[in-house]
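J.: Sequence:
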Amino acid sequence: MRILVFPAEERMAVAEADDLKRFQVDVHGEVTEPGLNRALGGLGYADGVEHVWVSVDELVRSSGRAEDPEWYSAFGKMVEYAGSKGWTDGDGSHLRAHVVPVAGASA
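Start counting the sequence shown at 1; every next residue gets the next number (this note's numbering).
Heads up, some of the hints might be wrong.
Okay, the calculated beta carbon distance ranges per label pair [to be verified]:
id, residue 1, residue 2, range
1, 72, 34, 24 to 34 angstroms
2, 84, 8, 30 to 40 angstroms
3, 102, 34, 11 to 21 angstroms
4, 30, 70, 31 to 41 angstroms
5, 48, 68, 27 to 37 angstroms
6, 49, 86, 19 to 29 angstroms
7, 86, 8, 27 to 37 angstroms
8, 22, 66, 16 to 26 angstroms
9, 92, 41, 14 to 24 angstroms
10, 50, 70, 29 to 39 angstroms
11, 30, 72, 29 to 39 angstroms
12, 73, 22, 10 to 20 angstroms
13, 32, 73, 33 to 43 angstroms
Hints in this document: simulated from the structure, not taken from any laboratory. We put the CB at the ideal spot given by N, CA and C, even for glycine.
Throw the hints in and build the complete structure from the sequences for me.
T.: Structural data, given as structure tokens:
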């Protein structure tokens with residue numbers, strides 16, 4: 001799953017929601033903490049310019065797959081795996097994602 005972030009447009013979109021083997025934030029544009037925060041809105045917040053914390057609940061809502069029980073179960077397993085690796089916050093409400101600048105974007 002990828003989160004596509006467009007800081008200049010202050011918007012984001014969830015892509016490849018069925019790919020639960022990866023999780024990253026692709027930034028199309030200048031990578032700054034304020035820009036990430038504005039573009040992410042309620043989905044999450046930047047932790048510097050290399051990582052983002054993404055709300056599990058908001059990610060489910062934004063995925064377009066929340067009503068699919070098979071997807072929801074597989075997503076839950078992804079969250080459990082992330083927790084076992086230390087990639088969730090203390091209460092498991094947010095997942096940590098790497099920020100990947102898209103070619104041509106500045107970091």
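J.: Check each numbered hint against the structure and report the violated ones by number, ascending.
T.: Of the numbered hints given earlier, the structure breaks none, since each of them holds.
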